[in-house]
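Protein chains: 2
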Amino acid sequence: MNRKVIFAGLALALGAGYALTAFSQAKPEVLVKQRQAVMTLQGKYIGPLVGMLKGAPYDANVVARNAAYLDALSQMPWDGFVESTKGEKNTRALPVIYSDPGKFKQAQDQLRTAVGSLVAASKAGNEGTVKAAIGDIGKACGNCHDNFREK
Amino acid sequence: MNRKVIFAGLALALGAGYALTAFSQAKPEVLVKQRQAVMTLQGKYIGPLVGMLKGAPYDANVVARNAAYLDALSQMPWDGFVESTKGEKNTRALPVIYSDPGKFKQAQDQLRTAVGSLVAASKAGNEGTVKAAIGDIGKACGNCHDNFREK
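Listed in order, the protein sequences are those of chains A and B.
Here the first sequence stands for residues 8 to 158, numbered as in my numbering.
Here the second sequence stands for residues 8 to 158, numbered as in my numbering.
Calculated from the structure, these hints are not laboratory results.
It cannot be assumed that every hint is accurate.
[Stated by the list, open to error] Incomplete in silico selection of chain A near chain B, CB under 8 Å:
#1 Lys40
#2 Gln41
#3 Lys51
#4 Ala71
#5 Ala75
#6 Phe111
Even for Gly, the Cβ is constructed at its ideal location relative to N, Cα and C.
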């Protein structure tokens with residue numbers, strides 16, 4: 008396959024709505040879709056961990072895998088929260104995100120710190136510390152959703 | 008905050024549609040939403056790399072970051088392709104995914120191998136090898152979309 012074919016295929020793969028962001032800023036509706044995709048996947052991987060807090064069997068392999076995924080995912084949404092997305096309909100993101108970026112950054116950092124604790128705890132293999140970190144992630148999710156998302 | 012409050016908050020955070028998968032299999036529509044979320048994010052992070060192949064300035068930091076994200080993301084979609092999702096409307100996934108799982112697995116492995124090459128090349132810091140790996144990822148995207156997704 009030559010390069011032209013690869014590029015054409017990739018452009019299709021990425022979908023008509025996707026700007027190649029090395030060239031141009033993605034469209035607001037794409038940014039919203041991308042950051043919501045991260046939230047969907049954070050839900051996918053925190054869900055089973057919360058399950059373990061609630062009595063599902065503890066599985067250290069699932070903890071380690073999900074911790075690694077959450078470490079990547081929890082870095083991904085933030086560059087999608089830019090002022091150009093303020094007028095979008097399909098989002099519950101509140102204007103305070105843009106009027107108080109310092110407070111929003113603090114909420115991001117709270118999640119990143121909690122996920123960092125989970126990664127460290129999962130490597131150390133201590134179930135109690137893992138569970139405390141899962142609780143801290145829950146608090147970080149709740150804090151951000153309480154303050155920066157429409158009810 | 009006590010545990011009960013954390014759990015209630017998280018359940019809300021995860022959304023009404025999210026089963027806690029440690030307890031029960033996620034609903035088909037949730038599985039479709041989750042795997043599509045991965046595709047959205049793979050697009051977000053491969054886009055700028057393809058841009059570099061097409062002439063955007065080469066940025067080794069972006070390459071390293073996106074390679075790490077793609078390494079996580081490219082492991083995430085596959086457990087969402089389960090037979091219970093065959094009847095879902097909002098997906099272009101073809102039935103061959105379920106009738107020829109070996110061929111589908113091969114396509115997954117092609118992507119994983121290409122992403123592995125990108126991660127290795129980005130660590131070695133060789134621009135030529137990085138660009139070859141980006142091309143291979145493009146081929147893997149195209150191969151899977153050509154064979155397993157409705158046009």
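For each hint, the structure was consulted:
Using the Cβ-Cβ criterion of 8 Å, the hint placing Lys40 (chain A) at the interface with chain B is satisfied: the shortest such distance is roughly 6 Å. Checking Gln41 (chain A) against chain B: minimum C-beta separation of about 5 Å stays under 8 Å; hint holds. With a least beta-carbon distance of about 5 Å to chain B, the hint placing Lys51 (chain A) at the interface is held under the 8 Å criterion. At its closest, the beta carbon of Ala71 (chain A) sits 13 Å from a beta carbon of chain B; the interface hint therefore is violated under the 8 Å criterion.
With its C-beta approaching chain B no nearer than about 7 Å, Ala75 (chain A) sits inside the 8 Å limit, and its interface hint holds. Interface restraint check: Phe111 (chain A) against chain B, minimum CB-CB distance 16 Å, threshold 8 Å, status violated.
The structure shown violates the earlier hints numbered 4, 6.
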